[in-house]
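Each protein sequence line maps, in turn, to chains A and B. Residue numbering for the first sequence is 1 to 349, as defined by the working numbering. Residue numbering for the second sequence is 1 to 626, as defined by the working numbering.
The hints are simulated quantities; they were obtained by calculation from the structure and are not laboratory data. Hints are not guaranteed to be accurate.
The list that follows gives simulated cross-link-like pairs (lysine to aspartate or glutamate, EDC-like), each with its CA atoms no further than 20 Å apart [what the hints assert, rightly or not]: (1) A:K342 to B:D422; (2) A:K294 to A:D279; (3) B:K265 to A:D279; (4) B:K265 to A:E333; (5) B:K450 to A:D279; (6) B:K252 to B:D164.
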Amino acid sequence: MSYYKPKFQHPKLPKNELGYTVADYDGAVSTLCAGCGHDSISAAIRNACFLSAIPPHRIAKLSGIGCSSKMPTYFLGRSHGFNSVHGRMPSVATGASVANRDLIYLGVSGDGDTASIGMGQFVHLIRRNVNMTYIVANNGCYGLTKGQDSATADLGSVGKYGTKNPFDGIDLASLAVLQGASFVGRSFSGDKEQLEPLIRAAMAHRGFAFIDVVSPCVTFANNVGSTKSYAATRENLDAMPIDFVPMREEIRTQYKEGSSQTVTLHDGSIIHLLKARKDYKADSREDALMALQKANSTGKVLTGLLYLDPNSQDLNQVLELASKPLNSLGMDELCPGSRVLKSINEGLR
Amino acid sequence: MKQIKGVNDFVVKFANVNGTGSASANHLFAKAIFRMGVPVSPRNIFPSNIQGLPTWYEVRVSAKGYLGRRGGVDLMLCVNPQTMEDDIASIEPGGYFVYDSTRPLAPHLKRDDITTFGIPLTEMCMREFKVARLQQLLKNVVYVGALAALLDIEFSILKDLLNDQFKGKEKLISPNVHALEMGYQFAQENFKCPLPIRLDPSVIDAPHIRESKHILMNGNTAAALGAIYGGATVAAWYPITPSTSVVDAFSKYAERMRIDPGTGKRNFAIIQAEDELAAMGIVVGASWNGARAFTATSGPGLSLMSEFLGLAYFAELPVVLIDVQRSGPSTGMPTRSQQSDILAAAYASHGDTKHVLLFPATPRECFDMTVEAFDLAEQLQTPVIMMSDLDLGMNDWMSPPLEWDDNYEMSRGKVLDADALDTAQSWGRYVDVDGDGICYRTLPGTHPDKGAFFTRGSSKNDMAIYSEKGEDYVQNVDRLLRKFETAKSYVPVPKVHDPIPVAKPKTKLKLGALFFGTSASPSYEAVEILADEGYPIDVMRIRAFPFHESLDAFVHEHDLVFVIEQNRDGQMRQLIMNECHIAPDKLTSVLNYSGTPITARTIARQIRQALNATSADIVKLHPETA
Ligand SMILES: Cc1ncc(C[n+]2csc(CCOP(=O)(O)OP(=O)(O)O)c2C)c(N)n1
Ligand code: SF4
Ligand SMILES: [Mg+2]
């Protein structure tokens, strides 16, 4: 258990526009190992939702199976959650999102859950551009089944018991860019400054938003030689900081011209890429792939907003779904009635 | 030579090559008989192939209105040299054989106990039609014309049907009608028409069929309409024969009937998933959110959906699955019919699971039961699997017309809305307030601070809080069992029929027969055959699992009960033994699992054999009845 959460709320806790305090976005007490990267992601999600003033009950949390997939219990206790099946959360999220297009969908998964057993569904989730945020807590191993290498473990990374991983790792961020994801980011659970705005931006994005978060497993993959330990990640981190300004807010910070790049989301929210690079435009898949490839080949962990297409068509649009959620339609909208059935019978005689 | 005689009572079989357009001509033949008001049941027996392999179409005509397969062939029409030898051999003595005589019949194929008619189909079409494709397609229409003369089909009905079929493609009508006439004339000029087997609409022994104004439709289309009428909004699927046409038909109707009149947008979503795991996952997700969602699949897909079915069972999510059964694996006989997923469906998945199954026997029941499946799934908060099969799903059946009550309201089960949550004193997702095992559900997004919970498998207590305590688990799964008991009073009850009076019964044993789905029609017929022979058999048609208590009683009231089904292992028999605690020797299997639908003759023969073979043992078992 990593932290003790007092029930008592400080009366002076700041409130967001909806009048909620950050505590209103809390979940149950975490049962993950003390120091597990996943708990920092939970905290970042909680803070992001608080800062963006999203009504907690309008969020639906979905996950697969794994330590990472347990996370949704530990934030947003007022939201419905669904701990589904190993590797198959994408399909559950797809069904949920077409059934009620009005909720905000947040998927949480692990690298095993996504890159191994769930690879098929993950790729198809991207392909369909389901309107959701999908976070992978990436520790390069299967935490819940006690530390086996996962498919994202880097080649040569050393496991807890001293064995070197003999296979090339799958880079989920590159894969997502390549497969056509409309929003791709990468971050580090230890980099709250970057992770929080990235999650906020992802949740504001219309379409599929993917964030690959390096999230060290303190119990099975934090050893020397592990490329996803806290120490190795910090050492190799190449972070591109960002700032997120929601549509409703005035732009308060002044950024020095030339040093920043601005991207506007479909709803008017703005993402500032601080320390913008000359060779890199966030709306170019080619740039993203090139930068990721360069980072990967030099052992760097490139983080930040990697790619964004703010105008993509999400699944609801592609399916031309009615604006009223399907789960709220009544008989008068759904059932053609007896007269039509009579004429169908007639056609079958 | 003795010739088979029969007015409105015979079996015609067509032996074709697939991909040559024979299916629509054969359908024309069957539909014309239907339009004449004579009971008919056509069946497509086709290969898992697109072009070039043998395919058959069997049409049974039955004055009494028997819609199952009888067994045997009275008239064989063969345009496929690949299978001609077997096809000729399968004709009943005294039967008839029609073939394309452009090439002479090999001498070794000639039979002197049947009447043979040669029609030079290829030659006639080569002569009359210029376009190669038409030369091939219209051969089929020529033979339909010839059969019209041989069997006395009303020619004007055939013409009407062609007009309907080619509405919008008028250019095609005249060559088709011409081909019909060519065949008709050829037969009139060269053969003695009509044959001793023929049609006569004035002689019908099945007034119920006429009075109820039957329709001709397949079960998959009926199920799709059931999904439309039952309010399904999300369909997710992965193509697999023989279930594909369920979603195809749903899509066709939805595009017509589910477009929002104001905006032109869709009041439905159809997602072709990447596989059946995803198809079921999508249904689970949509159901979790309170939409009526379904998928349709067949055996291999059911295997893949198994894990999600287990989750849906434990997480108590309404899921509707239409299983259109076929034989074996993908390289089994995917285009052949069976009832062989019974156990796999009843107990699908991990842990202690049981699922509600429905067994439709007619297209009308496919329609009604699909609607009912949505109601049951939501009322019981559990998966409901409708067990159709290829024979019912893909073949045209004469069926009572579909009916709809405009007062129908969806039964959404125990779902709390925001007002209910506000007034409720306390609420726990898995608290059995009413004692029926069914608890109160909430949907995501309902209330700002009430009713949210975490959906997961079985590691939870009745407040939906994570728990791995033994007592919590036991309490939960015992409640699920209680819910399954409750389900018995929700599902459709079995159908029983008045026994057929038998003047001098040849046995003192009380005999019963249990059957379901497409085994029903031929079973009813077999029971009538056996009643004529002096064996009275009471019948019960099973329509759902869990079994109604009357099924228990039925088995206990009889000395010997035949369970008639289409699989190797007597799966329904096993399920009954397992669930009703019945001694195995009480239930005798009557089986067919060749891939072609079971026939009345097969059933009657197996029951006769069983009665001969087992009577001694039965006397030992039940001395009082000897
Ligand atoms: C079908 C199935 N196979 C295997 C498992 C066992 N299992 C549970 S979690 C897990 C791996 C999870 O790894 P990851 O997604 O990386 O999550 P982490 O625990 O590392 O956060 C496995 C293999 C399962 N639950 N279901
Ligand atoms: S095993 Fe690893 S991933 Fe799982 S909770 Fe512990 S530290 Fe986190
Ligand atoms: Mg992992």
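Tested hints:
1. Between K342 of chain A and D422 of chain B, the direct Cα distance comes to roughly 43 Å. Violation of the 20 Å bound is thereby established for this hinted pair.
2. This hinted pair checks out: K294 of chain A and D279 of chain A have alpha carbons roughly 12 Å apart, not beyond 20 Å.
3. Pair hint K265 of chain B plus D279 of chain A does not hold up; C-alpha atoms about 42 Å apart against a cutoff of 20 Å.
4. Between the alpha carbons of K265 of chain B and E333 of chain A the distance comes to roughly 12 Å, so the proposed pair stays at or under 20 Å and holds.
5. Using a Cα cut-off of 20 Å, the hinted pair K450 of chain B and D279 of chain A is violated, with the two alpha carbons roughly 50 Å apart.
6. Of the pairs offered as hints, the one joining K252 of chain B and D164 of chain B holds, with about 19 Å between alpha carbons and a cut-off of 20 Å not exceeded.
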